[in-house]
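Chains as they are written, first to last, in our numbering: chain P, 20 to 178; chain E, 115 to 286.
Bear in mind the hints are in silico, worked out from the structure with no lab data behind them. We treat Cβ as the ideally placed atom computed from N, Cα and C, and that holds for glycine. Please note: incorrect hints may appear among the correct ones.
What the hints assert, rightly or not - Keeping only pairs whose Cα atoms sit at most 25 Å apart, straight-line, the calculated DSS-like set for lysine-lysine is: (1) E:Lys-259 x P:Lys-122; (2) P:Lys-69 x P:Lys-177; (3) P:Lys-54 x E:Lys-158; (4) E:Lys-158 x P:Lys-46; (5) E:Lys-285 x P:Lys-118; (6) P:Lys-118 x P:Lys-92; (7) P:Lys-121 x E:Lys-187; (8) P:Lys-54 x E:Lys-174; (9) E:Lys-178 x P:Lys-122; (10) P:Lys-92 x P:Lys-177; (11) P:Lys-118 x E:Lys-174; (12) P:Lys-121 x E:Lys-174; (13) P:Lys-118 x E:Lys-178.
Claimed, not checked - Here are the computed distance ranges between Cβ atoms for each label pair: (14) P:Asp-170 x E:Leu-177: 25 to 35 Å; (15) E:Ser-225 x P:Arg-88: 23 to 33 Å; (16) E:Gly-150 x P:Lys-69: 32 to 42 Å; (17) E:Asn-227 x P:Asn-44: 29 to 39 Å; (18) P:Asp-55 x E:Glu-176: 17 to 27 Å; (19) P:Lys-98 x E:Ser-179: 30 to 40 Å; (20) P:Glu-139 x E:Glu-176: 19 to 29 Å; (21) E:Arg-263 x P:Asp-170: 40 to 50 Å; (22) E:Ser-271 x P:Lys-96: 55 to 65 Å; (23) E:Ser-179 x P:Gln-91: 23 to 33 Å; (24) E:Arg-185 x P:Arg-88: 31 to 41 Å; (25) P:Glu-139 x E:Gly-205: 22 to 32 Å; (26) E:Gly-205 x P:Asn-44: 17 to 27 Å; (27) P:Thr-164 x E:Gly-205: 17 to 27 Å.
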Amino acid sequence: MMFVRLFILAFCWLTWYGASGQSLNGKTAFPIVLKDPSGNTITLESYKGKWVLVDFWASWCGPCRASNRVVQKFYPKWKEKGIVVLGVSLDEDRAAWIKAIKKDRITWPQVNTPAQWDSELVLQWNVERIPTTYLIDPNGVIRATDPNLGDILSIVSKK
Amino acid sequence: MRAKSFSKVIAIAVALLLFAVSLQAQFSQGRLQATGLTCALCSKSIHQALDQLPFTELVKPELKSSSFDIRFKSGQPVSVQSIRTAVEDAGFFVGQLTLELSVAAADSLRSGNRLPGETSVYQVLGEWKEGQTLQVIEKGFLSEKDLKRILSRYPESQKELGKVIYLLPVKK
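Make the full structure from the sequences, and use the hints.
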């Protein structure tokens with residue numbers, strides 16, 4: 020009887036664990052090598068030594084556009100503290116992506132991966148919805164998933 | 115005798131046409147508005163669920179109308195109930211579903227107001243004009259309030275409620 024109970028418990032835990040997905044916190048960030056709107060290649064690797072907020076978004080995602088406006092407000096302050104924002108758009112429509120960058124007056128680096136949910140990068144980074152953001156430390160380790168504004172500054176100042 | 119065989123030919127032709135329509139997709143594309151507590155366009159689950167349906171070819175988010183544009187495969191019948199199930203299993207609800215007729219279905223609508231479906235018959239409410247899209251008027255495909263409001267305009271629909279899936283022509 021005890022064994023059956025244990026088995027059921029283990030089964031429940033496994034299904035819950037499997038369904039909830041694994042957190043990427045503490046893992047080394049996956050490489051990002053993509054082009055910006057001007058066609059220049061940008062790599063996540065090149066920001067090593069700095070804090071990077073990787074922001075997955077798309078022009079067709081309303082909440083992402085709202086978040087762009089918030090980041091725009093805070094970006095000058097973050098820049099002073101050595102935090103870089105890297106926007107990764109899932110837009111298939113390149114023109115729509117570039118239009119959104121202009122409209123939201125985005126000044127931080129932007130790259131695009133036009134395969135949406137089935138792109139290898141999106142699967143690797145475990146992006147299930149957008150916006151999804153990851154805070155990467157100067158050693159290239161993922162330190163937080165979807166941090167709020169307060170989290171970002173407190174994690175960075177703690178180091 | 116002649117008239118009899120002629121009507122037979124017509125009957126066979128109509129049957130063949132209906133058969134052809136039922137084998138092909140009745141609809142070429144659709145636009146789905148999903149509702150829920152979070153942004154439906156921004157969730158992988160709903161996109162994936164629609165993408166995995168056997169009769170969808172392409173699913174694309176459309177920001178302006180905050181809906182999904184769905185292109186259907188030409189050789190597969192479309193099941194609107196499967197679309198609803200996919201959306202609900204992903205944790206959302208269908209707010210509105212409009213469909214565009216395939217060429218074969220448009221042909222058969224010119225001679226009547228019914229279309230064969232996979233599990234039930236589609237019936238057009240009122241008059242369908244060339245080029246109009248059709249909104250699915252059925253429980254779970256729009257708000258209860260809108261469903262009641264629209265059906266009350268078509269008293270004949272009350273008799274067959276649940277037996278057929280109603281389609282309302284909408285201006286493009």
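| Does the Cβ-Cβ separation between Thr-164 (chain P) and Gly-205 (chain E) fall within 17 to 27 Å? | Since Thr-164 (chain P) and Gly-205 (chain E) have Cβ atoms about 20 Å apart, the given range 17 to 27 Å holds.
| Is 55 to 65 Å a correct range for the gap between the Cβ atoms of Ser-271 (chain E) and Lys-96 (chain P)? | Holds, at about 60 Å.
| request: Please work out if Lys-121 (chain P) and Lys-174 (chain E) have their alpha carbons no farther apart than 25 Å. | output: 23 Å, holds
| query | Is the Cα-Cα distance between Lys-54 (chain P) and Lys-174 (chain E) 25 Å or less? | reply | 23 Å, holds
| said: For the hint 25 to 35 Å, verify it against the beta carbon of Asp-170 (chain P) and that of Leu-177 (chain E). | reply: 28 Å, holds
| Has the given pair, Lys-118 (chain P) with Lys-178 (chain E), been kept, meaning a C-alpha gap of at most 25 Å? | 14 Å, holds
| query | Quick one: are Ser-179 (chain E) and Gln-91 (chain P) within 23 to 33 Å, going by C-beta? | reply | 26 Å, holds
| message | For the hint 19 to 29 Å, verify it against the beta carbon of Glu-139 (chain P) and that of Glu-176 (chain E). | response | The hint (19 to 29 Å, Cβ to Cβ) holds, given that Glu-139 (chain P) and Glu-176 (chain E) are roughly 25 Å apart.
| request: Sort out whether Lys-46 (chain P) lies within 25 Å of Lys-158 (chain E), counting only the CA atoms. | output: 23 Å, holds
| said: Quick check on a hinted range of 31 to 41 Å for Arg-185 (chain E) and Arg-88 (chain P), using CB atoms only. | reply: 33 Å, holds
| Going straight from one Cα to the other, do Lys-92 (chain P) and Lys-177 (chain P) come out at no more than 25 Å? | 23 Å, holds
| Does the structure keep Lys-54 (chain P) and Lys-158 (chain E) at a Cα separation of 25 Å or less? | 24 Å, holds
Hint compliance for this structure: hints 1, 5, 7, 15 and 17 are not met, and every other hint is.
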